[in-house]
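Please arrange chain B on chain A, whose structure you already have, making use of the hints.
Residues per chain are reported as follows:
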Amino acid sequence: MRSVMSANAVSCTIKSPVALQIGDAVSDSSRPGVYITDITLAEPVNIQEISFKNYYTAYLTVRLQRREDGSAKWVTCLRNYCLMSNPHAEDGSHDYFSIYRHQMLTEPDNVTTVRLILRQPSSEWLNFSIEEINIHPCAKEDSERDVPAWISTLTPVEEPLDLNGLPDPETVSSSIQQMWALTEIMQASQTAASIGRFDVEGSYDVKLLSYT
Amino acid sequence: MAEKRRAGVAIMSDEQLLSQAGVSALLRGALLRLLECRPEDPVGFLAEHFAHLSSEAEDGASERQSVSRALWHLSLAHHSHRSAFNNNVRVAYELLTQGVPRRLGVGGVRGRLYSEMLRCLCSEGGLSGSTAAPLLRRIQSHDYESVPFELFRQGVLTCAVFADYIRKSQCLYAAVASAPDRPAERTLCQAVLSTLREALETADGADVARYLEASAKISPAKVAQAMAEVQPRAQRHDGLTMDAQEFEDAAAALFIARVRTVS
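First to last, the sequence lines map onto chains A and B. Just so we're aligned, residue 24 is where the first sequence starts under our numbering, counting upward by one. Just so we're aligned, residue -3 is where the second sequence starts under our numbering, counting upward by one.
Hint data in this document are derived by calculation from the structure and do not stem from the laboratory. The structure presented is a predicted model; accordingly, all values stated were derived computationally and were not measured. All C-beta atoms in this analysis are idealised placements derived from N, C-alpha and C, irrespective of residue type, glycine included. Treat the hints with care, since some could be wrong.
Stated by the list, open to error - Straight-line Cα separation of at most 16 Å, EDC-like style, residue types lysine to aspartate or glutamate; simulated pairs:
# : chain 1 : residue 1 : chain 2 : residue 2
1 : B       : K164      : A       : E207
2 : B       : K164      : A       : E193
3 : A       : K76       : A       : D132
To be verified - Using C-beta positions, here's what the derived DEER-type ranges look like:
#  : chain 1 : residue 1 : chain 2 : residue 2 : range
4  : B       : D203      : A       : R102      : 29 to 35 Å
5  : A       : Y119      : B       : R254      : 51 to 57 Å
6  : B       : A205      : A       : N187      : 35 to 41 Å
7  : B       : N83       : A       : C161      : 58 to 64 Å
8  : A       : A112      : B       : D203      : 51 to 57 Å
9  : B       : Q166      : A       : C161      : 55 to 61 Å
10 : A       : S39       : B       : A205      : 47 to 53 Å
11 : B       : P38       : A       : E193      : 36 to 42 Å
12 : B       : H138      : A       : P171      : 55 to 61 Å
Okay, chain A solo, but in the shape it has when bound (with noise of 0.2 Å):
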């Protein structure tokens, strides 16, 4: 299930892909098995959830580097996630996944820059990556709407009210909230309409408004 926060991602530059491959990248004509994105953050935040669209990657290893104290330090906060249950087959290649921070091995917190390590060891597929990166940071402490004033008051009292002698607070109630409900219909039934008294053809005529 998607969180409520799925609108706020962070902004971040998306590098393209580097393919990780054995001997010279020009002579050697073999498809690469390995796929290496890197991810910058504007500015250190603490990530939620990163979500994106599969196309036939089979394992996502993630990393991230924290700024700590000053210096940038590189933690693996997932190892060998498995996207393709049969890299294969067709099953999950184009999913929809999501990262949350308890499936991380590591806090991602202050993070700088994710690096995605996307490996398809299947030679069926001539591509594979990952699309529709997004980063979401954790949520702020203090709540965003504003809660109305009198939601606080709806709690009773916990001392019991004296209520000898008093009217049933339950029949004045009542007689109250239909004289209310009464007052709400007359008002939603009030029209614009008019009679024109003052309009002379559509407009005002100051005699007129002097009479009345």
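Chain B in isolation, oriented as in the chain A frame:
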């Protein structure tokens, strides 16, 4: 068959007689109206229905009759039965606009008739002249003016709702008063009325939010709290009282303050 051909007189069969007089259509209309209105006295209702039909067939019905007929139509459905009430308002409006010469583009009920309709509605709703007067001042029209349908419907609905409102306020006073023959405590009455006023003055916003907030203010717990706050035990039965009429006038003022003045 030979008996039907008497000299000079052609006696009609049963079906021909009914269709010629339009009686079947008449009865069908009467039964449909009866089912729509579901009155407590069906026979009396049918008698009045046919009486009105026959007087409508005459030309030159007097204004007095138009007003009373329109009032009868309006009394058939309570304003809470919205579609039936709207139908009746339309019928009453048509009745009152008959015979009014239609000026170019301006049609409607004559102001005098409209004001009289509202007055009769209020008195039929059980409102005294003094209670209804402030309301009527806001919504009635000058005699020479012409009232369009929307305004007519709004005025009629306002009077019907106001009559219900006053009846409810009388029930409320009876609930607040400790005994039927003794007037209620002034502080209690004021507390109850201010609870209502606060709910009515709930700030504008989305309708749903406004209803929730207002209903939170008039919940039984809130009302009990408001009443307990003004009622210290020692001062009971010593304080000033408020009589029924004053309470009713104060409640009416809360309603009338929200009625739009006609202009």
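For each hint, the structure was consulted:
1. K164/B with E207/A: Within the cut-off at roughly 14 Å; holds.
2. K164/B with E193/A: holds, 15 Å
3. K76/A with D132/A: Distance of about 23 Å is beyond 16 Å: violated.
4. D203/B with R102/A: 29 to 35 Å: violated, 54 Å
5. Y119/A with R254/B: 51 to 57 Å: Since Y119/A and R254/B have Cβ atoms about 54 Å apart, the given range 51 to 57 Å holds.
6. A205/B with N187/A: 35 to 41 Å: Because 36 Å falls inside the window, the suggested range holds.
7. N83/B with C161/A: 58 to 64 Å: For N83/B and C161/A the Cβ distance comes to about 60 Å; the hint holds.
8. A112/A with D203/B: 51 to 57 Å: holds, 54 Å
9. Q166/B with C161/A: 55 to 61 Å: holds, 59 Å
10. S39/A with A205/B: 47 to 53 Å: Holds, since S39/A and A205/B (Cβ atoms, about 49 Å apart) stay within the stated range.
11. P38/B with E193/A: 36 to 42 Å: holds, 37 Å
12. H138/B with P171/A: 55 to 61 Å: Hint violated: Cβ distance 45 Å, outside 55 to 61 Å.
Of the numbered hints given earlier, the model fails hints 3, 4, 12; all others are met.
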